[in-house]
Every structure is written in C-alpha cells, then in structure tokens.
Amino acid sequence: MTLSGCNKSWSLFSDFINQEASDEIQAFFSSRPPGVVRALVMRHAMGSHNTYAGIGSLVSEDAEINETGEAQATAVAEKLREAGVFHEIQLAVISPFTRALQTALRVIPQELLDGENEGSQKLPTLVHPLCAEQTFVHSHVGRGNRGSTVEELSRSPEFSLFDWKDVETYCEKHRVNAGKWWHHGPHPEETESSFQRRAVRLKKWLGSLQDTWGDLNLILVSHGGVMQAAFDYQPHPPNCAFRVYDLQRDGRCKHVARNEEVNPNHLLAEPRFAVCS
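Going by my numbering, the letters in the sequence shown line up with residues 1 to 277, in that order.
I should point out that these hints are in silico values taken from the structure, not numbers from a laboratory. Each hint can be trusted.
Computed list of lysine to aspartate or glutamate pairs in DMTMM-like fashion (alpha-carbon distance at most 25 Å, straight line): (1) 173 with 151; (2) 173 with 192; (3) 122 with 211; (4) 180 with 192; (5) 254 with 88; (6) 204 with 232; (7) 204 with 250; (8) 180 with 151; (9) 254 with 215; (10) 165 with 211.
Sequences are here, hints too, so could you generate the full structure?
If you want it as structure tokens, here you go:
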C-alpha cells in the first residue's frame, strides 16, 4: 500500500480535513455578495490511475476510484453532511470522467440524488465536459484521462441517475467525433493554451448559471488539473479536497476563505475566432 501511493493520498486528505476543511465550510456559509455563484469545488477521490506515482494511468483508461478513494469520499461526505452543507446546495456540476461521477455518487446524499425519500427534493445535476481533466498529448500513454463515450456512460447502470444531454450538446458544438467528449474538439488532445482557455470558459459558464438558476450555491466535482488552472489551487490539491469560490459572469473569481481574487491576470475575453486545438 505504501508503494501504491494510497498512504500518501490518505495522509494528504487527512491533513486537509484537519487543517483546512472547517475554514472552507465556514466560508461556504458566509454572506454571499449579489451577482455571484458560490461554488464548492472538489477534486475527485483517489482513482486507480493515481497509483504508483501515476503509473497506474498506463492501464486505467477512464479510471475508477479505488478503496482509498471510497474511504475519502465517505469521510468528506460525512464532514459536509454534519455541517449542513447539502441543505444549501441547489445544483451539482460533475465531470464526465468515471472517477468524478463515482465520487459525486458517494459524496452527495443518496436521498438528494434520487429524491425518493419523503420530504426530499431531488438535487439537479449537470454532467459537463468543461470541468473535465486536461487531455494533453501524453494522455495517449497515461490513459487515465481518456474517457468513456456518451453511449458507454449512458449504458452504465451505476450512472443511470445522470442526464447526458449536456455532454451530447458539447460534442456537437465542438465537432467531437463518436461521442469522445474528452477531445474537446476535432483533435484527439488538448494543448496547454486550449486547456487554459477552457478553464476560463468554465468559470464564465459557472458564473452565468445564476441567469438560469437564480441565487445559486453549487458543488462542482472536478479534477486537480482543473482546480490548478481555473482556481489557482497550489500546490496540487489532495483527493477530495475542496475550496469555496464566488464566480461572476465574466469569469472573475474569488477564494472566499482567503478573500483573494483568483488568477486576476487570467484572460477574461474570448478569442475573436473559434480555436479547436
């Protein structure tokens, strides 16, 4: 287990829970300014691709969470539930990678996902490729960041609660072939520049959700690379670590607990033409 990296992943997660989680939860419940969406942004639980210093990614295409990940998701779910966070969440946004979907299913209370318990209102979910992990050229070798197609995901009984229309629309809009949403365009990989542009689009899209949903608190289950690129979470976030951000429609973003603007020099304007790399 030591060589696999599970001990390290659990240790980093435990440090987060003991040292940072309470401050982030307090920030979540703090007064929210008008004109922003408040997002609790979480990295997925440990996946099989994270084992052996990432070597597990060689054989773990669209990796599933492992036993350590299961324990992390259970522990963070209990922390958030005890604090009453889910009473104030109106929407869940989730990456289409299996490890993120599995994390969401374990972190979000089941009664909110299915809405079957008396007095429980079903929590709406959006599965969207904008918040998926980067797929740089090396992902052809380290295949943990190669996903499952829309057809494959929709056939999985495990994910029957989710709606895939946003993933299908994304594929059509970005000229993605055969439902391979992780290409994010007609080419099979992203560049550093195109990933950074997607990070900006993600923040703008999240900030604009208030136009549809009104006053909005959401949980976003995403990835370490996205949390670094879009939200400047440094160093790399532990599995199941989370931070709370306020997002405006133009992509401007603030880390609530520290009252700090995130990536203030980040490009906030869209290119004048479509870039599909």
